[in-house]
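Trainee: Below are the chains, spelled out letter by letter.
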Amino acid sequence: MSEETRILIRSEYDIVTARQQVRELCMTLHFSSGEQTLVATCVSELARNIVEYAGSGEIITGLTRNTDEEGIVIIAEDKGPGIPNIELAMKDGYSTSKGLGLGLPGSKRIMDEFAIVSKTGKGTTVTVKKWKKP
Amino acid sequence: MSIPILRQGSYLIASIQSSPSDSEWREMGQQLAERVGKLRSRGVVVDVTVLDLIDSFAARTLREIAQTVKLRGAEPVIVGIQPDVAFSMVQLGLTLGDIETELDLEEGMAMLDAILRDGRTNV
Ligand SMILES: Nc1ncnc2c1ncn2[C@@H]1O[C@H](COP(=O)(O)OP(=O)(O)O)[C@@H](O)[C@H]1O
Ligand SMILES: [Mg+2]
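Chains as they are written, first to last, in this note's numbering: chain A, 1463 to 1596; chain B, 107 to 229.
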């Protein structure tokens, strides 16, 4: 990952900062405004989850490339309580907080790649990628 | 900075500023609920034109605000959802439930006029 930026997420205000940072990064890759909105929405969901469930954590953004594509990678990381049942958490509408339960499953839908690792008592790491369409 | 609420005849217009904080959202909901009663407003337009995204928190909050307005006896309508925002909401799976939406402020007010004149069933 190159051009790495780490954004500390401790309050709702940091969610807005993370959204803006990621939009700027999207612009350097000339993502369309529609793609920027998708990525920024995903960051908003992941950062909100950090504030809501873990209290604090980090959003790490950067550029990535494979053989013929460039893209953006976002890692949302916290040392919070973790998710006991990931399969359940990935279901549309499942929420332990009266939320809409769409943050994780929706993020998976709007990004090209989505991976989640979580350990109870240790924390949660969500990694998402969006590739630049040629 | 709080969300400005204007009165126009028997309607209230709340213009959401970019990236409202959680407390600004809450305050707007409370203010609208109060003013609908105080000013005998019959309709409330929530204008989200400047929002560059609507995530699940914002969608849930908009739904709650609209429900509150309804319980206070006024008709809510949300206007100004931008094309990119609408696309992203659909991809994420977000809906605004059965809340009325219109393209812009003008159409929102026209819709309120129609509902209040003809009743909901004829719209
Ligand atoms: N970073 C996290 N740490 C702990 N639990 C989480 C985290 N992110 C999500 N969860 C759990 O997964 C559930 C689903 O998350 P999400 O899809 O964002 O919906 P919502 O936030 O609306 O509940 C949450 O209700 C919560 O129980
Ligand atoms: Mg969430």
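Worth flagging that the hints you see were computed from the coordinates, not collected in a lab.
Cβ atoms here follow ideal geometry from the backbone N, Cα and C, with glycine treated the same way.
Heads up, some of the hints might be wrong.
Estimated spans, in silico, between C-beta atoms of each pair [to be verified]: (1) 115/B <-> 1527/A: 53 to 61 Å; (2) 1465/A <-> 124/B: 22 to 30 Å; (3) 1486/A <-> 127/B: 14 to 22 Å; (4) 189/B <-> 1527/A: 50 to 58 Å; (5) 128/B <-> 1583/A: 23 to 31 Å; (6) 113/B <-> 1525/A: 34 to 42 Å; (7) 203/B <-> 1490/A: 36 to 44 Å; (8) 1463/A <-> 112/B: 33 to 41 Å.
Trainee: Hint by hint, say whether it matches the structure.
Mentor: Verification of the hints:
1. 115/B <-> 1527/A: 53 to 61 Å: holds (57 Å)
2. 1465/A <-> 124/B: 22 to 30 Å: Between residue 1465/A and residue 124/B, where Cβ atoms are some 25 Å apart, the hint holds.
3. 1486/A <-> 127/B: 14 to 22 Å: holds (21 Å)
4. 189/B <-> 1527/A: 50 to 58 Å: Violated: the Cβ-Cβ distance is about 29 Å, outside 50 to 58 Å.
5. 128/B <-> 1583/A: 23 to 31 Å: holds (28 Å)
6. 113/B <-> 1525/A: 34 to 42 Å: violated (49 Å)
7. 203/B <-> 1490/A: 36 to 44 Å: holds (37 Å)
8. 1463/A <-> 112/B: 33 to 41 Å: The hint (33 to 41 Å, Cβ to Cβ) is violated, given that residue 1463/A and residue 112/B are roughly 47 Å apart.
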